[in-house]
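Residue numbers (the working numbering), protein chains in the order written: chain A, 2 to 50; chain B, 3 to 801.
Among these hints, one or two may not hold up.
[Stated by the list, open to error] Partner residues aside, some chain B positions facing chain A, computed with beta carbon under 7 Å:
1) Lys60
2) Glu132
3) Ile180
4) Asn192
5) Met194
6) Gly387
[Unchecked claim] With a straight-line Cα cutoff of 25 Å, these simulated DSS-like cross-link-like pairs (lysine-lysine) come out:
7) Lys91/B / Lys178/B
8) Lys654/B / Lys28/A
9) Lys383/B / Lys94/B
10) Lys28/A / Lys569/B
11) Lys654/B / Lys742/B
12) Lys178/B / Lys28/A
13) Lys28/A / Lys179/B
14) Lys128/B / Lys28/A
15) Lys569/B / Lys634/B
16) Lys74/B / Lys134/B
17) Lys144/B / Lys74/B
18) Lys74/B / Lys319/B
19) Lys60/B / Lys94/B
20) Lys654/B / Lys738/B
21) Lys383/B / Lys72/B
Since the hints were made in silico from the structure, they are not lab data. Bear in mind that the values here come from a model prediction, so they are computed numbers and not experimental data. Beta carbons are placed, not taken as given, at the ideal position from N, Cα and C, and that holds for glycine.
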Amino acid sequence: MGVIILLLIASISVAGLFLGAFIWSVKTGQYDDENAPSVRILFEDKPKS
Amino acid sequence: MKQGPVIPSTELACFHCGEPCRARDIVIEDKHFCCEGCRLVYDILNQNGMCTYYDLNKNPGQSQKVTVRKDKFLFLDDTSIQQSLISFKNAKQTHITFYLPQMHCSSCLWLLEQLYRLNEGVVSCKVNFERKEADIIFDHTKISLREVAELLTGIGYEPYISYNDMGKKKKVIDRKKIFRLGVAGFCFANIMLMSFPEYLGIDDKEENLLLFFRYLNLFLSLPVFFYSAGEFYSSAWNALKQRFLNIDAPIVLAIWVTFARSLYEVFTATGSGYFDSMTGIVFFMLAGRVLQDRTHRQLNFDRDYTSYFPVAVTRIKEEGNTTVTLPDIQLNDTLLIHHQELIPADGIITRGRALIDYSFVTGESLPVAKEMGEIVYAGGKQVGGNIEILVIKEVAQSYLTRLWNKDVFNQSSQTESSFVHGLSRWFTWVVFSIALLAGLYWTVVDTSRSWNAITAVLIIACPCALLLSNTFTNGNILRRLARNQFYLRHATVIEKMASIDTIVFDKTGTLTAGTDMEVVYDGKPLSGLLKQKIATLAAQSTHPLSKGIAAWAGTPLPNPFLAFEEKPGKGIEGMIDGDLITLGSALFITGKPQQDDTSTVYLAVEGQLLGRFRFRNHYRQSVPMLLRRLQKHFRLAIVSGDNNGELPYLRKLLGPLAALHFHQQPEDKLNVLQHMQQDGHRVLMIGDGLNDSGALKQADVGIAITDNSNNFTPASDAIIEASALPKLYELIRLCKLNQKIVMTAFVISILYNIIGLYFAVQGTLSPMIAAILMPCSSISILLITFGLSNLAARRLKLS
């Protein structure tokens, strides 16, 4: 039984990590412009930032 | 006799913008350009080794034929204006966001993000393609704000800065729904996982583990109940406050009943509760809402005159010219208005000859000539030389801006009533009756199960299916419409679109394309030499009709012997190589006033009337086809601010029943629509200019039409690109089909509910059955709505 609880904690915390990553990615505006990044990646020289 | 624009015999496309080159001598190496402006842009890019711009796309530029006045951005040197535009500033850096409407392809993106290579003062430039904005960071010790704007203008991306941008805070995108969806998804998936042991029948010996799973589920459902479902609480509460029962009210009830019963079961250790179904339904419903509300962030549906007006103008004072912001303009100020500049306030012309293009403000298709001492109204655009005006009314009081003080603009939008809400109310009553009947039955037969049955019925039969089919269908239809360049402000517009029976068009800029005119000559045939002479004479005047004739008649004589006199308001007369040619109004040439209202210029040679030039609006292609199709299904009408010169032609196009209104002031347009609505019609209005703003607002559905060249659209419910106008009928049909699709999906999903009810009324609804039925019904709704709306779009031949 101890094993199951350990596994559960592990699985939920991994899932929680993904939830955190999702919230972070939305907050930093990564979905604000869905058009530009797909084009930008194809340019040879990266813009200076 | 009809003649289009002169097209060179062999096509030579401009290397920069791809437009045909009329001049052939603007060349660098082997590359041809249509104008000096385009060549200049190429030159800048070439010198900086940035010709990748031209490799990424063919002819990526925008035509530079209309040059930007040299000191147009002088006002950006003013610190108070700077303050109101920039978003951040420290000792070294300034951050600013410019709106660059010319942005359209990957080349633009590349070039703008390489801006730092053109000037070392620019630190970085990041483009938001959807919004056509560039966030620029620059070092203000090396380059000023004005120079940044001029740098952008120099490469063909002139920033659009309007009065509306001043002091405006950056719009914060509301991301609450997305977060709520994320949290609901996380909890739903984990609860499902935790529930499996119970579904599969966990060993009785492991009772501790069973309890552990149940409490874990309870814990995981808390964020969904208190945070994610908040979306429905607030919406239901807002509607209730306005004494309106919307679809969210029964949903909230179902969520609460489910949660309460689940809590009861877990705490009394009688069952595992329905946490999985509850979180699942909240997740799916939120997904539908997010999909439906994914509005078009790059488009602005709320523009008023302030986004059309400039930030500042030049004020003439004794001590010299200064830049003044619009709110600071006072009575009796003298303003200097340059070529292509807007008149910001009503005034009297004190110097110069004005030729004012009111097409956007009043719908008149031809610029109006005004002499010194005459009044000009705000919103007109001066074409030609500089003029000076004396302000007689402040900006907020002027003729044009007064329209925005009307009631229509101050009404808050009424409660959105949709057929879905009505249906849900009816549905709720049915559910309540079933719950009550089941409850009564069990009180008589077996009291212990009555509570069980009532709650189970309420859980199963919440109108979630209706909400789901509605939001998913709406979302999908919105995406379909957007793919056809028709962008709705909100999903409720679909339903309004479906109910209309009358379509009202504006003429100038909506049915006609811009201010282009078609010249038609009728009269005695003209010899080639005479045509050249006419061209020579017409080219002497800046009057728009003269210019039109000059363009029609072709190349002027190379070295004419010329003497001419222009008579304002009458015409122009001149001796060209020995021929006396007169062009002008009917009264001036024939001595008799003109019978009709059309724009006509008469031609006489040596006092003999030869013929006349008639000017016709240039209608958008396929407009005749569209109108002929629409009149079979809708009442049509035209409200135009222009003269009735086009009446016969429009009558032919729209049929005998259509109401045609001309000479309409902005307020008249609004009233015409109001009358139609009072007669019980549901009106769709399509317009483009500021003069249509009132009518667009008053209409049941107001659609603003836009050409790419025009970056201003008045406030409206929807924006349509001119290229999509021919498909208007199909787009309306698709909106009409929306309701049918919602109903189909709803009826099918009800079948699942009936299976659930079968168990529920017996008081034997197990969590597992609920957990199977719920996603099944949600997913089938999803498939049905997507399938049907895509099928409908394909049937209507929409992309």
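Checked hints:
no., hint, verdict
1, Lys60, "violated, 16 Å"
2, Glu132, "holds, 5 Å"
3, Ile180, "holds, 5 Å"
4, Asn192, "holds, 6 Å"
5, Met194, "violated, 12 Å"
6, Gly387, "violated, 42 Å"
7, Lys91/B / Lys178/B, "violated, 29 Å"
8, Lys654/B / Lys28/A, "violated, 56 Å"
9, Lys383/B / Lys94/B, "violated, 38 Å"
10, Lys28/A / Lys569/B, "violated, 66 Å"
11, Lys654/B / Lys742/B, "violated, 35 Å"
12, Lys178/B / Lys28/A, "holds, 10 Å"
13, Lys28/A / Lys179/B, "holds, 12 Å"
14, Lys128/B / Lys28/A, "holds, 18 Å"
15, Lys569/B / Lys634/B, "violated, 48 Å"
16, Lys74/B / Lys134/B, "holds, 21 Å"
17, Lys144/B / Lys74/B, "holds, 21 Å"
18, Lys74/B / Lys319/B, "holds, 19 Å"
19, Lys60/B / Lys94/B, "violated, 38 Å"
20, Lys654/B / Lys738/B, "violated, 28 Å"
21, Lys383/B / Lys72/B, "holds, 18 Å"
The earlier numbered hints that this structure contradicts are 1, 5, 6, 7, 8, 9, 10, 11, 15, 19 and 20.
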